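Participant: Dock chain B against chain A, hints included.
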Amino acid sequence: EPEVTQTPSHQVTQMGQEVILHCVPISNHLYFYWYRQILGQKVEFLVSFYNNEISEKSEIFDDQFSVERPDGSNFTLKIRSTKLEDSAMYFCASSERGTGMNTEAFFGQGTRLTVV
Amino acid sequence: AQSVTQLGSHVSVSEGALVLLRCNYSSSVPPYLFWYVQYPNQGLQLLLKYTSAATLVKGINGFEAEFKKSETSFHLTKPSAHMSDAAEYFCAVSTQGGSEKLVFGKGTKLTVNP
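Chains A and B, in that order, are what the protein sequence lines are. Residues are numbered in the numbering used here as their position in the first sequence, beginning at 1, plus a constant of 11. Residues are numbered in the numbering used here as their position in the second sequence, beginning at 1, plus a constant of 8.
Isolated chain A (complex conformation) (with noise of 0.2 Å):
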């Protein structure tokens, strides 16, 4: 059955450095995104990517965060000069078409950031 994959399943960064979190996702599928969940919270959306353009990023997705599709498989998040507030478990998904219209997004088993 197709998954999502993301890598690093845990990444721990110290404050100020930059990380990137990667994803593969399910090969036919055309909407990616990105949710985020801090510990003992709601799982919040961060970003939508379709057709190599962010279609709807939320208030959390500033400038600190960045997201590219380098090549035909992988989705990445860009987050610059971590935050302590920035630990979190991230969530990659796709979709073959955006959850707006009746399709279901699949998640990937996350990355669990630790910021120190």
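I should point out that these hints are in silico values taken from the structure, not numbers from a laboratory. In this text the structure is predicted, and so the values were computed from the model without any measurement. Glycine included, C-beta positions come from ideal geometry on N, C-alpha and C. Among the clues, some could well be false.
Stretch-level coverage of chain A by chain B, calculated; a stretch enters the list once three of its residues show a Cβ under 8 Å from a Cβ in chain B [said to hold, decoys possible]: (1) 43-54; (2) 63-72; (3) 117-125.
Some chain B residues flagged as far from chain A (calculated, every beta-carbon gap over 12 Å) [what the hints assert, rightly or not]: (4) Leu26; (5) His90; (6) Pro122.
Calculated from the model, a selection of chain B residues having no Cβ within reach of chain A, i.e. all distances over 10 Å [to be verified]: (7) Leu15; (8) Ser20; (9) Ala25; (10) Asn32; (11) Lys77; (12) Thr80; (13) Met91; (14) Val111.
Facilitator: Relative to the frame of chain A, chain B by itself:
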């Protein structure tokens, strides 16, 4: 703007008992509704989704949910709990033809006691 409220952050049931996990939504336009499950150390897996075709939706692992527009609810049920159902359950909403994002509830952690 859409929102989701899940009543009860923790629910505990005995094996074989009815499981009822509550979800209420707020949406100004017809919603799409989803239940996801997260087992320990795993990602989010879709249990079922409401897409306006039928108000009673059956999902995997014996779960089902009923969409009640008058109550703005989409509660998740299972007639008989199994130990393997222990997990965290998330209700989520998106809007038809609207935003691409899913808005999640806070989640309900289900414990199944032997």
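Participant: Determine for every hint whether it applies to the structure shown.
Facilitator: Here is how each hint holds up against the structure:
no.: 1; hint: 43-54; in the structure: holds (count 5)
no.: 2; hint: 63-72; in the structure: holds (count 3)
no.: 3; hint: 117-125; in the structure: holds (count 5)
no.: 4; hint: Leu26; in the structure: holds (26 Å)
no.: 5; hint: His90; in the structure: holds (22 Å)
no.: 6; hint: Pro122; in the structure: holds (27 Å)
no.: 7; hint: Leu15; in the structure: holds (14 Å)
no.: 8; hint: Ser20; in the structure: holds (18 Å)
no.: 9; hint: Ala25; in the structure: holds (27 Å)
no.: 10; hint: Asn32; in the structure: holds (15 Å)
no.: 11; hint: Lys77; in the structure: holds (17 Å)
no.: 12; hint: Thr80; in the structure: holds (18 Å)
no.: 13; hint: Met91; in the structure: holds (22 Å)
no.: 14; hint: Val111; in the structure: violated (7 Å)
The structure does not agree with numbered hint 14 stated previously, though it agrees with all others.
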